[in-house]
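K.L.:
The lines below spell out each chain.
There are 2 protein chains.
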Amino acid sequence: MDYFTGVRRNETLEIGELLKAAKPGQNVRVNGAVHTIRDMGNVAFVILRKREGLIQSVYEKGIADFDLKEIKEASVIEIEGRLEENGKAPGGIEIRMEKLKILSEPSDERLPLAISKWKLNTSLEAKLNYRAIALRNIRERAKFCIQEGLTRAFRDFLYGQGFTEIHTPKIGARGAEGGANIFRLDYFHRPAVLAQSPQFYKQMMVGVFDRVFETAPVFRAEKHNTKRHLNEYTSLDFEMGYIDGFEDIMAMETGYLQYAMELLERDYKKELKILDVALPDVTRIPAVKFSEIKELVSEKYGHQMRNPFDLEPEEELLIGRYAKEEWDSDFVFVTHYPSKKRPFYAMDDPEDRRYTLSFDLLFKGMEITTGGQRIHDYRRLAEKMEARGMSEEGMGDYLDTFRHGMPPHGGLGIGLERLTMKLIGEDNVRETTLFPRDLSRLEP
Amino acid sequence: MDYFTGVRRNETLEIGELLKAAKPGQNVRVNGAVHTIRDMGNVAFVILRKREGLIQSVYEKGIADFDLKEIKEASVIEIEGRLEENGKAPGGIEIRMEKLKILSEPSDERLPLAISKWKLNTSLEAKLNYRAIALRNIRERAKFCIQEGLTRAFRDFLYGQGFTEIHTPKIGARGAEGGANIFRLDYFHRPAVLAQSPQFYKQMMVGVFDRVFETAPVFRAEKHNTKRHLNEYTSLDFEMGYIDGFEDIMAMETGYLQYAMELLERDYKKELKILDVALPDVTRIPAVKFSEIKELVSEKYGHQMRNPFDLEPEEELLIGRYAKEEWDSDFVFVTHYPSKKRPFYAMDDPEDRRYTLSFDLLFKGMEITTGGQRIHDYRRLAEKMEARGMSEEGMGDYLDTFRHGMPPHGGLGIGLERLTMKLIGEDNVRETTLFPRDLSRLEP
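Residue numbers (our numbering), protein chains in the order written: chain A, 1 to 444; chain B, 1001 to 1444.
These aren't lab readings, by the way, just hints derived from the structure by calculation.
Fair warning: this is a prediction, and the values are worked out from it, not measured in the lab.
Incorrect hints may have been included.
Unchecked claim - With beta-carbon atoms standing in for the labels, derived distance ranges:
hint	chain 1	residue 1	chain 2	residue 2	range
1	B	Glu1265	A	Gly162	19 to 27 Å
2	B	Tyr1301	A	Glu177	50 to 58 Å
3	A	Phe66	B	Glu1383	22 to 30 Å
4	B	Ser1391	A	Gly25	50 to 58 Å
5	A	Ile102	B	Glu1383	16 to 24 Å
6	B	Tyr1301	A	Ile102	43 to 51 Å
7	A	Lys273	B	Pro1191	42 to 50 Å
8	A	Gly162	B	Ile1102	17 to 25 Å
9	B	Tyr1301	A	Asn27	47 to 55 Å
10	B	Gly1025	A	Lys273	52 to 60 Å
11	B	Lys1069	A	Arg380	19 to 27 Å
Claimed, not checked - Calculated pairs, DSSO-like style, for lysine-lysine (alpha carbon to alpha carbon, straight line, at most 27 Å):
hint	chain 1	residue 1	chain 2	residue 2
12	B	Lys1101	A	Lys384
13	B	Lys1099	B	Lys1072
14	A	Lys364	A	Lys270
15	A	Lys384	B	Lys1072
16	A	Lys72	B	Lys1384
17	B	Lys1061	B	Lys1088
18	A	Lys223	A	Lys341
19	B	Lys1020	B	Lys1269
20	B	Lys1384	A	Lys101
Stated by the list, open to error - A few chain B residues that don't get close to chain A, going by computed Cβ distances all over 10 Å:
hint	residue
21	Ala1021
22	Thr1036
23	Asp1065
24	Lys1127
25	Ser1291
26	Arg1321
27	Phe1344
Backbone N, C-alpha and C define an ideal beta-carbon position, used for all residues, glycine too.
Okay, chain A solo, but in the shape it has when bound (with noise of 0.2 Å):
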């Protein structure tokens, strides 16, 4: 029998100690994948790739007690060495190599994408095609690090403004959002559904909690083959209660994004230079409405508008142009989306009932963020879904809740892969997100 006693001190060092704790002139032990091996002869240079970026070691005949050959692309190694100073080397740092350990070694080390090239010069199919391989490419994993800085904030700052967070189920009886984009599966013989959004739940939670968060995956069972599309994404989402109206939830949205940004500009300065991002001003976005917005790019831009109650994709770009071009904003608030292309759920405009207290973020010329004040009356509830020829059937539970009281309230979902691509600069929505699902994509 043995005791644990908590996280063991590891012998080796990581980047960031070696930068700050190390001295140079010191032995030291260091572990890493093998990312490139550049042979100049009498000397080589071994770049060891690690979690906090890369790091340059020396081999030299007489110094080492090993045989360069022993190392191999795509290896696992640790090695012992004297810390020194280069400012050519990554971080100004090198190691000097004596001792050799392999950790394991590749049984092919022919890698299908030349990973250690800065830039992957590589299709996209490629990319998704060799995904665990890619990824080992410095600047796609950096993608995936601004990633976690964008949920890592949305978390810290939503507790910080006394939201609970909760975990929804993902199986149910039926979905939230209607529509056909619907994935079906058998549960225990009966028929059962992929949680579109958690929607329902996270209303039904208000009641309870006040404020709540979730930041889960969500599934549209979608036909679109775009750039812009996933059939399965994270979705940051949170519902919060004690409104005055549906303007507090775009302003509790430009909180996240102000804390989001105050966080990578912190924490993720590395990622940022690796990708050569430059964070947008937050520190106001412009908001709105939907029918003035229309009008005002179809001015400017003499585009002809088709279909007067939605956004077309490249109206959505021209509205990002048009809030860039006026306001100065690569965000913009669009408000007062119009009744029929909004769920039962949202609240109508008392002042004009064609349209809904909602909005839609864009960022970019792309929508980012849907949401909106939700109904909190069951008599109004009620006679909405009348109007619209809706049944009750199946919705007992979360009209129940409505039955027994609720605080006015309203919420959001964010789709996490659209607002890292947008931020990052990427123009496919797949090069976001770690394995994407998609029409013809089901693997890796």
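Since the structure of chain A is already known, use the hints to place chain B on it.
P.N.:
Just chain B now, with coordinates in the frame of chain A:
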């Protein structure tokens, strides 16, 4: 056009603000759900439920400018009045109501459950049937605040240990854990499954980020109808590279538990008190071999071993009892599980290949974690698959990752609902699941 510049300050106060920022005698505005009304004749107490707890408001004719009858249980209201000290009220304060604003009224104030009682004296079945109402009970709600703390601690601790958060797909072409307990669905006319675990993906990502974690739902089509099984649960998963042995994983989990207990003690004191939870001592956690503890328990309690390759629930209970009696610990790592009962990716013990370098963590006699070291060498992985008669078909992406070099690594998965359940002393995992999914329950 308007601008949003960040979170808006509410004019109403939360409980924490009333206790800290406000002064007795001051006029305050507070909103909340009417939890219960106690009408004493000349005076009435209206208890409001807010996210931070309960607050007492006092109604007295002549002071209030409205009729008490205007307030219904389950209404959501905003009140204005004088803050006063009262040692008998929750938090030692109360509000003498002057003005009332009704934010929302229930259409049915007869709640199906008496949520304002301290303990909800009703069956688990009823609590689950009326979940959104049952959770309005202060004790029921507190369970999920504790659960939040456990998840939050997991992430915060691992961020601090250099882990990267990942989001892996829940729809895939095949399961990672094998066996029959897999949900199947149609994915655009292709057969697909729901992820039993993020196992393959998190391993693949060790080759990218060295250390990764995920907190996400997993799906198990188990036909067990027990107090400890769910068909969908939240798995706290991590996977770490560059380990010296599988002990590093247990050490990391011990570190997590220590961090979690500290976080709960610091930030969830109120909820621990509501539920009367005494946090377990996690200074040191004993670890004992599977075969050894089987014998120890058999000797001490005269238990007959039926299955030499696995632990039955009754055996887990006895091991928990043994650990408490002999080592004064609520937790115990059981190590070196038989190879037969572990998946193909588990690393066999080089000293005795009938066993694996794996472990379960038991908490008060129940398995809450399974973990271990994985095979990182492609050839050994292929050999083991062949020995088990497994085909490499459909496993190409997973296996290729190993072909191209992987560090020694291992990890674990913690069942969040079970961990919460054991921590707060519940005996059915549904008690600590927001909306459980089991053989018979697909709603709410």
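K.L.:
Indicate, hint by hint, whether the structure satisfies it.
P.N.:
Hint check:
no.: 1; hint: B:Glu1265 / A:Gly162: 19 to 27 Å; result: holds (20 Å)
no.: 2; hint: B:Tyr1301 / A:Glu177: 50 to 58 Å; result: holds (54 Å)
no.: 3; hint: A:Phe66 / B:Glu1383: 22 to 30 Å; result: holds (28 Å)
no.: 4; hint: B:Ser1391 / A:Gly25: 50 to 58 Å; result: holds (54 Å)
no.: 5; hint: A:Ile102 / B:Glu1383: 16 to 24 Å; result: holds (19 Å)
no.: 6; hint: B:Tyr1301 / A:Ile102: 43 to 51 Å; result: holds (47 Å)
no.: 7; hint: A:Lys273 / B:Pro1191: 42 to 50 Å; result: holds (44 Å)
no.: 8; hint: A:Gly162 / B:Ile1102: 17 to 25 Å; result: holds (23 Å)
no.: 9; hint: B:Tyr1301 / A:Asn27: 47 to 55 Å; result: holds (53 Å)
no.: 10; hint: B:Gly1025 / A:Lys273: 52 to 60 Å; result: holds (55 Å)
no.: 11; hint: B:Lys1069 / A:Arg380: 19 to 27 Å; result: holds (23 Å)
no.: 12; hint: B:Lys1101 / A:Lys384; result: holds (25 Å)
no.: 13; hint: B:Lys1099 / B:Lys1072; result: holds (15 Å)
no.: 14; hint: A:Lys364 / A:Lys270; result: holds (23 Å)
no.: 15; hint: A:Lys384 / B:Lys1072; result: holds (25 Å)
no.: 16; hint: A:Lys72 / B:Lys1384; result: holds (25 Å)
no.: 17; hint: B:Lys1061 / B:Lys1088; result: holds (21 Å)
no.: 18; hint: A:Lys223 / A:Lys341; result: holds (19 Å)
no.: 19; hint: B:Lys1020 / B:Lys1269; result: holds (17 Å)
no.: 20; hint: B:Lys1384 / A:Lys101; result: holds (25 Å)
no.: 21; hint: Ala1021; result: holds (15 Å)
no.: 22; hint: Thr1036; result: holds (13 Å)
no.: 23; hint: Asp1065; result: holds (22 Å)
no.: 24; hint: Lys1127; result: holds (13 Å)
no.: 25; hint: Ser1291; result: holds (13 Å)
no.: 26; hint: Arg1321; result: holds (16 Å)
no.: 27; hint: Phe1344; result: holds (17 Å)
In terms of the numbered hints stated before, the structure departs from none.
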